[in-house]
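Student: So you can see what is in the structure, the chains are spelled out below.
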Amino acid sequence: MTLPRGGSPSDADLIAAWRAGDEAAAAELVKRHATAVARFLGAAGAGDDVEDLVQETFFRAFRKIDSYRGGASFRTWVIAIGSNALKDARRRLRRRPAIPLETEEIPDERTDPHAELVGQEAEERVARCVQQLPRMQRDVFLLRAQQGMDYEDIAGALNTTVGAARVHFHHALKRLKEWLV
Amino acid sequence: MNQEELERIAARLGERAAARLNVDRTAAAVVARLRAPVRTAHWWERPAVLKMAAAVALMVGGGTVAVKTLRHTVPAEASAPVIASLQALSSDELEEVFDSLATDATVNEGAPVGLHDLTSEQLRELLQRMEG
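Listed in order, the protein sequences are those of chains A and B. Each position in the first sequence, counted from 1, maps to that position plus 30 in our numbering. Each position in the second sequence, counted from 1, maps to that position plus 2 in our numbering.
Careful: at least some of the hints might be erroneous.
DSBU-like mimics (lysine-lysine), calculated; alpha carbons at most 30 Å apart, straight line [what the hints assert, rightly or not]: (1) Lys53/B <-> Lys94/A; (2) Lys61/A <-> Lys204/A; (3) Lys53/B <-> Lys117/A; (4) Lys117/A <-> Lys94/A; (5) Lys61/A <-> Lys94/A; (6) Lys117/A <-> Lys207/A.
A few chain A residues that don't get close to chain B, going by computed Cβ distances all over 10 Å [claimed, not checked]: (7) Gly37; (8) Pro39; (9) Ile45; (10) Ala74; (11) Asn189; (12) Leu206.
What the hints contain is simulated information worked out from the structure, not anything from laboratory work. A virtual CB, placed ideally from N, CA and C, is assigned to each residue, including glycine.
Pulled out of the complex, with its shape left as it was, chain A reads as follows (with noise of 0.2 Å):
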């Protein structure tokens, strides 16, 4: 299968192009997709692990891409594989100390310190909130909150109803509220 000419071929154009073989369409879907599953990730409490987690996310998603059926994006649906991906990572690793949270520094490039520091601190108790969450009120949080996504598309790629979906996310609001008083 060859790719459409002109423009930006679509994730379904490079899904189709992977299954017919294509490795480069393969490569163009984990590029266009990595950095958010890292974030998505990184949030869920995957510290360091996160380049190998991602890399294992893709490598499940490409294996199975026939049980993908469009009912929700690439991206969500990746997302979700790269939440079973984190807990079977967890399960093996259980014996280990607690995942840490991201502490390595990066470079400062805002103006204030001290707004900047005061910044990571709260998004650090923000993460170590929502990775305190049940499983499926922080992967509905996360792809809510932090991906932008719909309802219908979270519900699609977590196998669940857009009703249910609302309330994980209303209960996961509502929980993190009440901790981060």
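Dock chain B against the given chain A, drawing on the hints supplied.
Tutor: Below, chain B without anything else, positioned relative to chain A:
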């Protein structure tokens, strides 16, 4: 923290993890893994078979333990009246009971056994059995 601030912070979560990701290297690694031949699991490695084997092992093991335990256990409700009546006996009456048990043992095993023939350990075991 209000909802607006919470959602604003949530939208930024994971940015540092994403910044550490080398996208090109990840894409190349994924493609390389996809190229590798798929190793199909032997039939005995399939999760369903492993689960079934574990269930059978549990049932056999649990059944064996249960049978052994039941054979050697006198139900508590059955031993309760015996203990109560033994507690009411005087020491002489208890001696008589022990003697009669010793007589039963003689009949059953063919060797003459009296209460005085028992070692302190055997006597303790006997008392423990009577207590259930």
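Student: Against this structure, judge whether each hint is valid.
Tutor: Status of the hints after comparison with the structure:
1. Proposed proximity of Lys53/B and Lys94/A is supported: the alpha carbons are some 23 Å apart, at most 30 Å.
2. With a CA separation close to 35 Å, the supplied pair Lys61/A and Lys204/A exceeds the 30 Å bound.
3. Proposed proximity of Lys53/B and Lys117/A is supported: the alpha carbons are some 20 Å apart, at most 30 Å.
4. For the suggested pair Lys117/A and Lys94/A, the alpha carbons sit about 18 Å apart, so the restraint of at most 30 Å is met.
5. Distance restraint check for Lys61/A and Lys94/A: the Cα-Cα separation of roughly 19 Å lies within the 30 Å cut-off, and the hinted pair is therefore satisfied.
6. With a C-alpha separation of about 25 Å, the suggested pair Lys117/A and Lys207/A falls inside the 30 Å cut-off, and the hint holds.
7. The Cβ of Gly37/A sits about 21 Å from the closest Cβ of chain B, beyond the 10 Å cut-off, so the non-interface label holds.
8. With a closest Cβ-Cβ approach of about 15 Å to chain B, Pro39/A is found to remain outside the 10 Å limit, as its non-interface label requires.
9. For Ile45/A, the requirement that its beta carbon stay farther than 10 Å from each beta carbon of chain B is met, with the minimum near 14 Å.
10. The beta carbon of Ala74/A is not kept farther than 10 Å from every beta carbon of chain B, the shortest such distance being approximately 8 Å.
11. For Asn189/A, the requirement that its beta carbon stay farther than 10 Å from each beta carbon of chain B is met, with the minimum near 20 Å.
12. The beta carbon of Leu206/A sits about 6 Å from the closest Cβ of chain B, which is not more than 10 Å, so the claim that it is off the interface is violated.
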